[in-house]
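Residue numbers (my numbering), protein chains in the order written: chain F, 5 to 291; chain A, 5 to 291.
Rather than coming from a laboratory, the hints here were simulated on the basis of the structure.
Some hints could be false.
One copy or two, either will do: identical chains are not told apart, so a pair holds if it fits within one copy or between any two.
Taking lysine-lysine pairs in the DSBU-like style, the calculated list, with each CA pair at most 35 Å apart, reads [unchecked claim]:
#: 1; residue 1: 285; residue 2: 252
#: 2; residue 1: 157; residue 2: 9
#: 3; residue 1: 157; residue 2: 87
#: 4; residue 1: 31; residue 2: 96
#: 5; residue 1: 157; residue 2: 243
#: 6; residue 1: 243; residue 2: 285
The primary structure of each chain is shown beneath.
Protein chains: 2
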Amino acid sequence: MKIDKSKKILIVGLGLLGGSYAKSLTKQGYYVTAITLEQASVDYAVEHNIITKGSAFVDEALIAEADIIVFALYPHVFVEWIKENGHLITPKTVITDVTGVKECIVYEIQSLLPDGVEFISAHPMAGRETSGVENADDGMFKNANYIVVPTEKNSLDTIELCGDLGETLGFREISVLSPEKHDQMIAFLSQLTHCIAVSLMCACDAPDLERYTGDSFRDLTRIANINDEMWSELFLSNKQTLLQEMDKYRNAFDKLYDSINNGNREELRRMMQLSTARRKKFNKKKS
Amino acid sequence: MKIDKSKKILIVGLGLLGGSYAKSLTKQGYYVTAITLEQASVDYAVEHNIITKGSAFVDEALIAEADIIVFALYPHVFVEWIKENGHLITPKTVITDVTGVKECIVYEIQSLLPDGVEFISAHPMAGRETSGVENADDGMFKNANYIVVPTEKNSLDTIELCGDLGETLGFREISVLSPEKHDQMIAFLSQLTHCIAVSLMCACDAPDLERYTGDSFRDLTRIANINDEMWSELFLSNKQTLLQEMDKYRNAFDKLYDSINNGNREELRRMMQLSTARRKKFNKKKS
Numbered sequence: 005m006k007i008d009k010s011k012k013i014l015i016v017g018l019g020l021l022g023g024s025y026a027k028s029l030t031k032q033g034y035y036v037t038a039i040t041l042e043q044a045s046v047d048y049a050v051e052h053n054i055i056t057k058g059s060a061f062v063d064e065a066l067i068a069e070a071d072i073i074v075f076a077l078y079p080h081v082f083v084e085w086i087k088e089n090g091h092l093i094t095p096k097t098v099i100t101d102v103t104g105v106k107e108c109i110v111y112e113i114q115s116l117l118p119d120g121v122e123f124i125s126a127h128p129m130a131g132r133e134t135s136g137v138e139n140a141d142d143g144m145f146k147n148a149n150y151i152v153v154p155t156e157k158n159s160l161d162t163i164e165l166c167g168d169l170g171e172t173l174g175f176r177e178i179s180v181l182s183p184e185k186h187d188q189m190i191a192f193l194s195q196l197t198h199c200i201a202v203s204l205m206c207a208c209d210a211p212d213l214e215r216y217t218g219d220s221f222r223d224l225t226r227i228a229n230i231n232d233e234m235w236s237e238l239f240l241s242n243k244q245t246l247l248q249e250m251d252k253y254r255n256a257f258d259k260l261y262d263s264i265n266n267g268n269r270e271e272l273r274r275m276m277q278l279s280t281a282r283r284k285k286f287n288k289k290k291s
Numbered sequence: 005m006k007i008d009k010s011k012k013i014l015i016v017g018l019g020l021l022g023g024s025y026a027k028s029l030t031k032q033g034y035y036v037t038a039i040t041l042e043q044a045s046v047d048y049a050v051e052h053n054i055i056t057k058g059s060a061f062v063d064e065a066l067i068a069e070a071d072i073i074v075f076a077l078y079p080h081v082f083v084e085w086i087k088e089n090g091h092l093i094t095p096k097t098v099i100t101d102v103t104g105v106k107e108c109i110v111y112e113i114q115s116l117l118p119d120g121v122e123f124i125s126a127h128p129m130a131g132r133e134t135s136g137v138e139n140a141d142d143g144m145f146k147n148a149n150y151i152v153v154p155t156e157k158n159s160l161d162t163i164e165l166c167g168d169l170g171e172t173l174g175f176r177e178i179s180v181l182s183p184e185k186h187d188q189m190i191a192f193l194s195q196l197t198h199c200i201a202v203s204l205m206c207a208c209d210a211p212d213l214e215r216y217t218g219d220s221f222r223d224l225t226r227i228a229n230i231n232d233e234m235w236s237e238l239f240l241s242n243k244q245t246l247l248q249e250m251d252k253y254r255n256a257f258d259k260l261y262d263s264i265n266n267g268n269r270e271e272l273r274r275m276m277q278l279s280t281a282r283r284k285k286f287n288k289k290k291s
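With these hints in hand, go ahead and build the complete structure from the sequences.
Given below as structure tokens:
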């Protein structure tokens with residue numbers, strides 16, 4: 005169910021994701037405001053009808069009037085922001101986020117908030133290799149997955165509201181996972197894939213490779229164009245879980261390596277058949 | 005320069021690639037015929053104006069009238085075909101191919117051919133996760149790379165003709181590499197990427213992963229849907245070179261692993277910055 009049109013939504017952090025949330029919601033007629041670091045981002049977003057108004061300061065009036073606040077900040081910046089400004093959030097406000105790691109922030113944020121303010125965490129599985137509100141694109145949510153990440157402290161109503169926000173934004177599949185399950189899933193599906201792409205680009209310094217490449221290399225390394233500040237923080241915030249997933253992957257890679265080295269065609273083909281069968285489930289459904 | 009419209013072109017092996025060559029050339033007004041295993045493929049291709057005529061037998065008349073023969077077969081099938089039927093090819097015919105490995109076939113094929121028949125090898129860097137002439141799609145060549153792979157035995161005229169065929173098919177960038185250089189390049193750019201995608205899909209059997217995934221995992225594993233018969237042959241035909249490239253990649257992956265394990269944020273960021281800088285060169289140029 006889409007969220008009630010009367011809800012006032014404040015976005016904190018008007019980057020690519022925060023900007024895309026704002027753009028989608030404003031387009032649909034919601035009242036959307038923003039607090040972000042740069043006045044230029046506020047100006048751009050107001051000029052382009054992405055938000056109704058915004059501030060480059062922590063504007064108490066914008067916080068007070070908001071029914072839902074979406075935090076789209078780096079993990080440690082999110083925690084710092086709540087430590088400094090959490091007391092300004094008024095009771096009955098629901099806060100949510102887009103943070104890529106959960107266990108290391110969700111419990112802490114929930115413990116820092118004033119009574120009556122509920123934090124329900126979420127992870128929109130969408131992104132682009134660009135940044136900034138200038139690249140905001142609400143089309144990125146179409147057919148994408150959205151994960152609601154509640155703890156014992158969350159009420160059923162708020163879990164539902166958070167799913168409704170995902171639905172309003174246009175996500176196709178809304179799932180619910182605990183912070184621990186989320187972090188394991190994301191270590192495999194997202195962080196490990198970025199590790200692989202970065203390693204592959206770092207592995208070879210031959211010149212002119214781009215003249216000979218096909219689409220497989222291009223697709224596989226699309227995400228090797230990476231925001232090093234954000235992703236090093238995400239990797240290190242989920243270190244033990246990520247290392248476990250990297251181990252599992254390396255075992256499979258080593259097995260394939262040994263099959264090639266031993267000329268074991270049957271084992272090679274068996275792995276390829278398993279891979280093909282599993283991959284079929286991942287094709288994006290057409291809407 | 006596009007090849008002369010009077011040239012008669014025979015495709016041997018009317019699968020996805022052979023069919024796409026035929027479709028593109030017929031559309032442009034060339035006289036295109038085919039020899040392939042299945043009568044159903046011939047029938048489909050004639051009905052859909054992909055070829056003028058074809059045969060499910062080794063039709064000597066089709067071979068005799070051809071000016072250019074394109075072999076689109078598995079490596080060992082290509083070699084067997086030439087051993088059995090190479091004597092039927094008439095002098096002044098130029099033969100070329102689309103085979104994904106070169107060193108293990110090019111010299112042998114050249115030594116098997118009758119006098120006056122020249123084999124100039126080529127590798128179109130295009131493909132799809134489908135097969136068969138029913139999926140033929142000449143759009144796959146647009147903006148793609150095409151590698152001409154000559155040896156000392158090739159004449160300049162034939163090397164040029166082979167590049168002209170690539171240009172006629174619509175490839176954007178035509179390069180020339182020796183068989184050895186080609187195989188090294190392809191081990192890194194194509195075979196290693198397929199090894200990575202297969203290993204990743206084999207590494208985790210958690211259910212419902214597709215409900216939580218984002219585009220990075222989808223893009224990285226697109227090629228995990230793989231023809232196990234063809235790719236196991238390609239891997240094993242290029243074994244030593246592929247193992248070397250797998251070693252290089254594994255070293256980079258291990259370095260990233262150690263950086264995470266040691267909490268070495270600076271090294272992590274350095275690798276990500278290198279990866280980002282290198283990846284920028286691979287963006288497909290818009291035509």
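Legend entry - In rising order, the numbers of the hints this structure does not comply with: none
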